[in-house]
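A.B. asks: Single-letter residue listing:
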Amino acid sequence: MESPDFLELFVSEAREHVEGQGALLRRARAAALGSDEIHDLFRHAHSIKGMAAAMGFQPMSVLAHAMEDLLHCWRDGSRSPAPESIDLLTRANDCLSAQLDAVVARIDLPSGDGIRDAIRALSPSGKDGAASGNAGAAPGGPGPEAAPGRSGGEEATAAPADPRPRLLIDVVISQGSPLPGARAMVILKRLEEHGRILEISPSPRTLPAGQFDGRLRVVLATNVAADRMEALVTGLPDVASCQASPCAPEKAAAPGAAAADPAAETGVPRSEAISTIRVATERMDHLLDGIGELILERERLLRAVEPAPGSETGEILEGLGRTVDALRDEVMAMRLMPFSSIVPRLERIVRDVAGRLGKSVELQVRGTEVSLDRSTLEEMIDPLQHILRNSIDHGIEAEEARRAAGKPALGRIEIELARRDDRVSLVVSDDGRGIDRARVLSAAKDRGLIESEADISDEEALIRVLARPGFSTAAQVTDVSGRGVGIDVVVTKVRALGGAVELRTARGLGSTFTLRLPTSLAIVRALVTRVGEERYAVPLTHVAETVDLDPRRVTTLEGRDALAFHGRLIPLVYLRRVLQIDGEPPTRRPVVVVGVGERYSGLVVDAMLGQQEIMVKPFASPAGTLPIFTGATILGDGAPVLILDAGGLV
Amino acid sequence: MAIRVLVVDDAMFMRSMIKDILMNAGGRYEIVGEASNGREAIARFRELSPHLVTMDIVMPQLDGIEATREILKVNPAAVIVMCSAMGQEALVVESISAGAKDFIVKPFTSDRVLQVLAKVLPGGSGGAAAS
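Sequences listed follow chains U and G, in order.
Residues in the first sequence are numbered from 1 upward in steps of one, following my numbering.
Residues in the second sequence are numbered from 1 upward in steps of one, following my numbering.
Isolated chain G, as found in the complex (with noise of 0.2 Å):
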């Protein structure tokens, strides 16, 4: 079974590039959808619950850092990746003491981001199996 990702960014370019990574990984991923703000990514992540969230920090009306906040409270469980600028350093770090369990920094490659999902999901090689 594929992985179910909603994309989280404001610029609609950057959500395409990332599905375009995704949807070219072998099927491994599958996008049920997107959002373009914190609010709209916490309504779609309640509707859809998806396997993983990538999520750009800085957005209109709800940030990134709270909407990780959000999601996280209507479920813990939730993998969410954060998708930063270079430079934005503290706003990673306080993301992912938010509880976001990685990061990947534009501009994105299609191999370094596949990496990084491969290693936040639960089952990924490393990951959290060994506990």
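Bound-form chain U, shown alone (with noise of 0.2 Å):
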């Protein structure tokens, strides 16, 4: 059990069981559950009790025990799923989520003791009730309508009361059959001429949808031999083969023996398994080093041959690039996550702050369905994190304060999700009271962080005092925020992502931050410049387009050289300054545009090299050196470079 394979498989399984809990509790809050998800729901409790008592987690197993039975009382009928009731499980599977992420961290479980025994408190039947809850035949359980077809299909069917002995039967239908789903309805109406069934993987419900794959598992309590009933359903039509074998209704109940093989728990191997598996990011991030060697790879073949457009070479590599290109966006694709996956801790997050501050804060999110990178996903969460807490903390205000100014008291913070070709967008508003610059700007110059002058009217300018290390307007600091992290940790990160982010506040009304982010991140098209010796790369993600300094074109603007470019005037950066590079500069010099939102600026570099595909390996700039670069690349030719950071420059 010390195997770290086993501790991943336990954390991912148990990361989907409590989200997927999680999920079913906020439905609950608002409309009543089916007995379908009634279900569902217990068997998510039941899954990581038998899982995590088996990796010796005892505080998650007791605490999921608890759960498990308030939630057979649910199912059961004998109590109601009241809000308090909700609320309590809703915590405990926070209390859940966050013994997950010591057991990630590899820290002491944090006890939900407490919970515990407010969940004991509620369910009558205490530690036993799930046991004896079963014993009898409980009126209004499942009886015959239980029957698959006529209740319109139910993937499993409740509680497991029979008492006779249970096959596990694993039906496969012949490939090419005629309408399988409709076969596997014969099948299961056939079973159960012969016994109860109670589950049956896939649902039912999905036979009549033309997807079932062919294979259908089922846990009968029946009467009949193993033997006896595979022979009865291999005699059938279509039925390619048929496996039953006995599995004790105990297993369910020893934590220990099962935990390894969660399908082997419930007795019915999960559908999904046939056509998906289960691959390690880890795995999946060699996977991606290894197509952007390939690619450098390519580059570089492209560069020493130098075939002759139309021969054999130029074919063959040509052909090369193609799949390269192909396998590069299918693994791209695979690292794909929605932002949904996320939410459960983000709404977390929400609850535990706001708990603690004493406010009430309700998170809404949409445009979940949106995707991106895994890595990317998970180096938001953090940023989002700091932005929560500081709207939390700073942006809404307390109750009475809300009243009086006219608001609702519960305070509301918006996450919106939305694409744009290669970008995401993700904006993060508050109703709050907004960013006091007077406070922000006295507290600058009280640090030092700012000359007395310095106006911070503007939204960048006001960004940009909170983003420096260690600033902070909290009198005191907070148990929540105020330690002098947050916006830095933001910027930072958004930008180390190739990603941007803009703030807009208004006093008395909320702020909102805005952060770009590239959908895909490792592997990305980007404009090979020159600057001096070096070579310099701009993701062409930041890039608007390229142009000639022509000097009749450039003004000044605010002190500063800048350029007509499309009816206004954008900002040159003149890079050789900025790198410090001595010497004379070319007479004719390309300038690239660069855009990030709303804001525009032109790069000033020696020359041109070329596009070329690069894998951006972030990295945090290192002390001394300018915070204009996100990340090396090394190109086509084996030379590194350095990533120019486009948010950075603008």
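Be a bit skeptical, because a hint or two may be false.
[Said to hold, decoys possible] Under 8 Å between C-beta atoms, here's a sample of chain U residues computed to sit facing chain G:
| no. | residue |
| --- | --- |
| 1 | A121 |
| 2 | L122 |
| 3 | G176 |
| 4 | P178 |
| 5 | L179 |
Hints listed in this document are in silico derivations from the structure and should not be mistaken for laboratory results.
Since we're looking at a predicted model, the values are computed, not measured.
All C-beta atoms, glycine included, are put in the ideal place defined by N, C-alpha and C.
Dock chain to chain to rebuild the complex, using the hints, since each chain is given by itself in its own frame.
C.D. replies: Right under this line is the structure:
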């Protein structure tokens, strides 16, 4: 059990259960859950209990056990899902999530005993609730009505009270059979003639949809022996094979036995397992690294061979290029994960922070279907956490203050995601008091971060000040924020990911952070430029246009050189100057116009060397280096180059 | 004694095909009646009490699924086999849920029809004999 592979599997499986449970509990607040959903809740708690016990994570398994007992009461109708028990289960689920975090961090698990006791106080049967509740034939429990057809299909037909031995029956329907879903339904009906179906995978609901993959697994309580059952089913039309094996009902109750294979625990292997495999994220990273190398090798090969147009070598290289591109796109797509996967964590943060500060705050997330590269998504949790904490601590007012200001007592934070081409914008807004410029100004002066004349009336300047490491206006360091880490973390992280941060704030109305991020991070197309002797890459996602530096179009704007560009003036950044390169610049110089959001600037370089695919290796700028790089890459010829951070230069 | 069959289909051609297959099965089956819609099927069933009904799904007046439900109300032990076209999976699943015993898919082949029918009748090999 000490094997790290096991631990990883445990964490990812358990996380799925916790998140599934969280989603159902959220739904429970809005509307009464159906019996299927209550059963799912029960199943999640049950699975976590078993898995955690097997891994030796007692605090988790004990808590999940208490949840399971309460859910059992919901399921058999002896207790209805009242708001306070939904709250309690939500807290318990948050606690499970925190315990999982602790497992990952390899620290002691936080205890869930308090919540557990509160839950136990609610479920009358106490510790042995699940077991004792099952013993009798519960009135109104699943009787013959549980037939899969008649009830419209239920994944698992609740309380396993049938005393008959259980068989796990695994049926494969012949390839090419007409209407395999209907065939599966016939088999189910046939099995029902011989016993009681306890669980079915996949859900009978999916059978009419034409997506049935031909494999049906059923747990049947029956007196028919396994070999006899196999013969019965194999004799049916279109059955390619059937395997029946006894499965002990005790197994599910013995947590130690089943955790290695959560599927075995419930008796029903999950149907998704057939078409889905689980891969450690680390291995995905290796795969991506490999493809990155492959792309570099291809660029080098192209350079080394310089095939004549139309030659066979050229054709082969072109084919190779297409294959590599397709492979890259495939891996990039595999790495995309919907934002919804981190929503439960954000919700937990909001509940947690608001609870500690005694504020009521509601988090609304829209556009959760938008996907981002997995590592981007992971890296974003931290910055988002800072923004949320800041909003709740400094933005959202206490209830009385909100009432006095004519606002609803419940504070609101909204996160809205939208995708535009290969960028994702993530807008976090609150309806709090907004950022107090005067306070920021005086705090910044006190700390010697700005000159007293510094004007922070515009948002860009404001965020620059807020982003200074160590900046905080908090009169006293609260438990929640004000430790001086905050917006600087956000800005640094988002830039390192190739993105940019904007801030808008209005006194009394709230603040809005807009984070713009690339959907895929690791491999990007970039413009390679030369400044002095060195080459620098600028990711194409930021490049609006390249133009020649025409001295006639250069004017001065607020003391800086600016270029007339499509009817507006954009500031020029002379990279020779920024990079402190001596010597005479070439007479003809190109300008790379980069834009982030609505802001543009022109980077004056010495020469444009062409476009290339580069694999970004993000890094945190070491102290003493210019904060204008987001990462490094290796070019086709093997030379390392730095990647310019457009966000830091505009 | 031969198995008494009621053949229900709105297309006479399909009824003829099934009849042909069943009558060439060595005297095992006897066609006792035919119906060309669901209503007629229910009436014929009441009148004839066949051992087996082959039931088309899409028919005028009353479809095969409703007819199946009605017939099962008349006799819950009725053995009904649906006749379906490819692509009617949802309808077939609904029919099976409603209580039909099995299905055959058009275009019919003799072997296939006889194989399916053999399994649905009590006493057919495999079947429900074990319970």
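A.B. asks: Find the hints from earlier in the document that the structure breaks and name them by number, from lowest to highest.
C.D. replies: 1, 2, 3
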